[in-house]
Amino acid sequence: MLMLECPYCGVTADETELSPGGEAHLTRFGPGASDDEFHDYLFMRENPKGVHFERWRHAYGCGKWFHAARATDTLEVFGTYPAQTTKPPQEILDKISAKRPGWTWRDLK
Amino acid sequence: MSKPVSALNGAQFHGIAEVRDLGLQGMITLRGDLTKPKLKSAVKSVTGLALPKTGGILSDETGSVAWMSPDELLLLVPYAEVDAHLATLQKDLAKEHSLAVNVSDARAMFSLSGPKAREVLAKLVPVDLSPGAFEPGMMRRTRMAQVAAAFWMMDEDTFHIICFRSVARYVFDLLTVAAQEGSEVNAF
Ligand SMILES: [Zn+2]
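Heads up: the protein sequence lines correspond to chains A and B, in order.
1 is the number of the first residue of the first sequence in the working numbering; add one for each residue after it.
1 is the number of the first residue of the second sequence in the working numbering; add one for each residue after it.
With a Cα cut of at most 35 Å, we get these calculated DSBU-like pairs of lysine-lysine:
(1) A:LYS64 x B:LYS95
(2) A:LYS64 x B:LYS40
(3) B:LYS38 x A:LYS64
(4) B:LYS53 x B:LYS36
Calculated directly from the structure, the hints in this document are not laboratory data.
So here's chain B without its partners, still in its complex pose:
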């Protein structure tokens, strides 16, 4: 067996904010009718979490459930537990019109942290990131410069960002340029 590693294997950058490749992250795409009680209870049994509201994300110490579209959720679980959780989902939802897929290795995940994190990210996405407009508990899928990405806030100074693995280096480089020393905008 080969040893799995994340796209940039823990790369870090320190500028006006800190950028970090977060390593291996288990991710399950779950598609189905989000109003079905069966789906809700399956998500609960795997993550211990309820379903987030539209555009939201719910988290605890071990994972998250994020709203991706009216019929899609993203479950963030420990990397090593993905196969077990997938088996549970597929068993619980065997009779529901649904799809659960392991996408852990299809994506890269970064953290962007520090008091200037908001304005570093605001340079790269067409999203209002001012305090009050974007807050922890919200999930936003959008475009980061030229590629698709999604992000949410862990706390007031920390974003987590996901993108496709094939553009991990592009996104990391975008973030490091946007976070370079002396590039403060002081917009917020």
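Bound conformation, chain A alone:
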């Protein structure tokens, strides 16, 4: 079972209390973007076996969006952090590096 700590409530929420929001830290391309940029924004997603960054919403709790860094193959959670950021905090990246040397995700490593 996947359990994530909501960074706003501080409660460890069961997956059934949350709504998944897909991949984290997407750059939005809208009006004015090229067709290729818009295509990639809409369709191109990571599909890692391992470290992944996602958006989740504490739907049955405080209702807020947050981010989670976790491993898709083991359900290990490296950490959660608030939504008001465009990249993961350094302490979470350090934690992942300590546990999974050599990991990569998009341009992060």
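Dock chain B with the ligand against the given chain A, drawing on the hints supplied.
Here is chain B with the ligand on its own, set in the frame of chain A:
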């Protein structure tokens, strides 16, 4: 004028715990920046209570203030006093980016009480209800089987539970099934 009644109008059930529709309860949703002194003093003037900490609820004999999210509080006040309190809030917070709304009739409120109350509720929510993990003074919004609900403890043997009025019967039935005679788990 029609006479307001609560969703299940005082329904009761006695099993391994007692379930009771608590009747009319005044509820005000207050959204805004919880760090603003103006908001704190407005809450104080309406309820006499301070702001609860994250995930908490503060109560006295007449009401409560519960933390609902980083920008939302739930004020529990006597049903008949809601309009007066709303007017006070809206006056005090006229210059703040905030919202105060009467949600009393949008919700139902139940009590679940008795020495087995913890384990009856533990059958229905994905929350650790063991003594020490959940205690009076804590507010928990979660899911109860398939619907949204929130609860807190009045004392060691009593929970108060709120849900949307449209699912009041569903929640009451859930509680009565979980509290039926002979269904003790003795988990705690
Ligand atoms: Zn939350």
